[in-house]
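**Student:** Chains as they are written, first to last, in the working numbering: chain U, 1 to 506; chain D, 1001 to 1373; chain X, 2001 to 2320.
Read the hints as simulated data drawn from the structure, not as lab findings. It cannot be assumed that every hint is accurate.
Unchecked claim - Among the chain D residues that face chain U by a calculated CB cut under 8 Å, a handful are: (1) Gly1146; (2) Pro1223; (3) Asn1234; (4) Gln1239.
Ideal placement from N, C-alpha and C gives every residue a C-beta, glycine not left out.
Take a look at the letters that make up each chain.
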Amino acid sequence: MNENSILLKMQDISKSFPGVLANDHVTIECEKGHVLGLLGENGAGKTTLMNILYGLYQPDQGKIFVDGKQVVINSPSEAINHGIGMVHQHFKLVDTLSVIENVILGIPTNKAVLDFGPAKKKLEKLCKEYELFVDPEEIVWRLPVGKQQWVEILKALYRDCKVLVLDEPTAVLTPSESDQLCRAIRKITEQGRSVVFISHKLREVIEITDKVTVIRDGKVIGTVNTKEATQSILAEMMVGRPVTIERKARPIIKEHSAVLVMKNVNAFDDRGVQALKDFNLTVHAGEIVGVAGVDGNGQRELSECIAGLRKPSSGSITIQDKQVTNVIADPSFVGFIPEDRQKTGLVLDFTVAENLLIKDYKEKPYVKNGFLQYSEIKKHAEHMIKKYNIKSPSGDIKVKTLSGGNQQKVVIARELDAQPVLDVASHPTRGLDLGAVSNVHDILLNERNRGAAVLFISAELQEVIALSDRIIVLYSGQIMGELDGETADQFTIGQMMLGQTTEAKK
Amino acid sequence: MRTKEKIIKVPFIGDLIYSSGHTIVGILLGIFTGGLLIAISGVNPFLAYASMFRGAFNSLQSFSNVLVRSSPLLLGGIGVAIGIKSGVWNTGIEGYMYIGAIGATIVAIPELGLPPIIHILLCFIVAMLFAGLWGAIPGYLRAYKGVNEVTATIMLSYVAIYFTNWIVSGSPLAQEGAYFPMSLPFAKSSLLSILMKGTSLHPGPFIGLLMCIIFHIILKYTPFGFRTRMLGHNPFAAQYAGINSKKQIVITMVIGAMLGGLGGAIEVLGLKHRLYMEFVTGVGYESVAVALVAGGEPIGVMLSALFFSILKVGGATMSIETGVSSSMASIIIALCVLFVIGVGVADSKRLKKRDEKDPGKKTLSFKMEEAVK
Amino acid sequence: MKKIITVLLSLAVMFSVFAGGAKEQVDMTGSVAMVLSGLKTDQAFNQYTYEGMLRAASEKGIKTAYKENVTDAEQVEVIRQLAQQGYEIIIGQGGQFGDSLATVAKEYPDTHFIFSVGKDTYGLPNMSAATVSYSEAGYLGGIMAAHSTKTGKVAMITGVFYANQAQMRDSFKKALHDVNPSIEFTAIETNDWSDTDKAYNATNALIAQGYDVLFPCLDAAGAGVAAATDDSKNKAVLVGSVADYAETYDCKSAMGSVTFNWEGLGYLEATGELTDGKSHVVGMAGNGISAIYNNLSSEGVAAVEKAKSDLSAGKINIPD
């Protein structure tokens, strides 16, 4: 390999935080015009490394080279001057400003009055060049998330970056937007720029990148040419043991009574747009019904209607012949794992023990003579921590100090321990690393085998296929099609997710 | 790192020490800055503060003044604190005090021939009923109509003030031929007894302290308190857990209003023995500051209400003895509140920054930041 | 935590040293303390009565103390504290102090208390009351107004009719009718002593109804009445009370004013001449009020002068 073609090199970078070695002698290289994938589980040290590159952290040791020259980066503005652009996982846009204002924000100018004219022309040219179209005058908060990401990318390109770092860019994108992003990345690299693509989604990494560096526990496990890699090799490197998300064997359940019955349900989302249209669904005891679909096609409203958090405008929902009218807060009846555990599923400032009881706090034996019995609450917490293997020193610490996977375990323990007749699991594995994902899958499968009806909502096709007995595909509030879990294939589901019925395809 | 270990071993005490650390630093900064201002106004700040200290602690009698002053602050402060705990800013204490006092006045003026204890209890009940109904208005508007409770409560406070003005000057309850707008004097049986000769010490401050303890227990050890705290920390989770958050908001605002109303009733029954125009003069708003400095904690309200009273009583003495402007006590109070909040915000920013750089240290809660929000 | 406690302790020690050191013996003979409901810099009642006390103090060389901005809740506490400190005369400056003065007066029978701008002594031997004569002021104002009106319609504007204002109104009306029984008279309340806008609007409304002489008895809101009459294009004129409207509010349309000599009242109270347990009304004789002429016709001036001497001679029957 020719040294001169290396555009970015981070050599022997180490960074430790008290008690954690986040980066342990990490070296990565990115060639001119190439896409480097940075793959690793959550907490492996990818983001720390990129924050060092962007000047947010200082490495304890190690060197950074851009275009063959050693640079010291103390702040993001220095990083930008060295030609490094970054699109963070959580966008750093000013919501209330327009696109063009966001793009030129922070660029030094010696004019007293801003002249948007030339800037707008330049931005429009970039839009055309990369096919990332946004209206420069639109206010950022009015844009869908995907478009906001375009703005972030255009912002970096506007500053003429040599290296563009994308941190988990596809997490917020629809499949067609992902394709658009891929095309844009190709165009960016054709011009001799380089892209560092951070992800833990194997498929994408294989599709987009030229080389992949895998990081685990702060160390580089290896760098491979993407052409030579397969999903399973990368997954094994990432996790340290062979993992497959394969369909799990399951016993056949005899009992098959209908538990959840939804008839002609119509519902609106928070903005008043119809989210469920004449929706009909039956989930039986002892089966997992997987709901596939691009996020935002009614999944959220579906789960909320079932749990009684959202009132349908018409139609009926019954669970074991009981009409759903109010919020169901009885985990021995319905266990509901909400899609956003931090916003909905947990009270972050409450302790683990309190969070385990936010639905049952007024039941015996936790209340006696009108007073909460903290000894019982604590005992309960200790029991659950052991039973669900929650990594928490005790029940008395605040739940926000736990990792995402352990927070999810708290929610699962609370929702499923009382053996509900219906489980509604909405994106239960989102943001979890592979080990935790597999753990959640096992739990849900056990629920099915126990005889519970399980509604499993996820945007990850692979896991829907791996886990479900029956799969429905949701598209703009309607069921586009229903498939058997045993025979379903990704391609067909993918078509349905984009609103094309199999019939139409035939 | 030391703090982290502390928190994990004894979370509650650790947190308390930590958050009261903010408060103490803030108060010291406030007192220090106040001292600078006193020095600028040409008075030796040490002499001034000594005189303030003497004014509050010189004798049992002077300390009784501190207690008397703390009575409405305690009740108002705990009323606001309960709101903070459930995530609403019940800033209408001023109005609740007037409305409560009006309620008490209506039953306190006539000679009902009741034994004092019954007559007083009757006054309390009517006061709390009046104020509770008054507080239900902004509570309903906030919970069911989405009207900002700060605006609603403050506007209603003005209504209450003008209503009081009419009661003491134009209504049949007003004293004819008075030199200041005031109501008729109260019946003897309705007056709170003086607990210490030669002072104005009535049972009010002790009722206030008791309320703080009761609400500490309610918030921490009852299902109602659990609900309230859950709602305050995360309304989405509360709804998800089946809590009727609208009802809960109305209930906490009504309770806050009742406490404010009781505070107002105690002022007129214990201290003024009539209803006067503008007898509250900002105590309702100071209650918000009391709750803020206390971080919404009932036990903290006890301390911060007493602290405010010490500054107020001592401030009067300071003003008389050293000629420092009478507004200085209020300025020092305001400085302390600002610094307590400022230190809390600055520190939570510092922690956040540190957490970003060193995720290993991520442990502490950002109480004040929440309170400010 | 330990550090904080040490700092607190050392501060406490410092305070107690100062606290101990500050105790000194002072001669309290004739000493006076005054409590004010507002600020001593309000350019009105509070400031002038306070300045009166200062004048008395410098003439007589006595010790004084004051506390301004005394709120309702702290009245008793502050008055009691002053009594404890041994002040011989304690003056409560304002109608709201009556009850509180009486409460403390019962506890300290050897101290003299003066209820200023009130008349009630609560039947206590050590409590006196003092005020300027609102009746005389009203009567003189009435003579001025009667000699200023062309339309025969005269209006009085005040904040609220408390006992004093009511008396003023009655004697004002009597004076009007003594000059010309056919003069129409009305009196309105704005319910706010310092809201200038409200006073301005109220005055305009009165002028529109044909009232051409306005007699305000207000605090800062007086500026609103002055501005409204000035803006009326000579449709209306003003007879001031309490303050000198021509001087204080730069009122061009002021015919004259009956001013209250608050400074004199404060002086009188502080000298110790009013501590006899009685109610004192300080009128023209005691220099409590005075008439000031601006645009008043010479016959009007003569009429007021006559009324003054008649009042002193007791020829006119008004309550005091």
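**Student:** Each of the hints needs a verdict: does it hold here or not?
**Tutor:** Taking the hints in turn, this is what the structure says about them:
1. Gly1146: Gly1146 (chain D) check fails; min Cβ-Cβ to chain U is 14 Å, beyond 8 Å.
2. Pro1223: The hint holds - Pro1223 (chain D) has a Cβ within 8 Å of chain U, the shortest such distance being about 4 Å.
3. Asn1234: 5 Å, holds
4. Gln1239: 7 Å, holds
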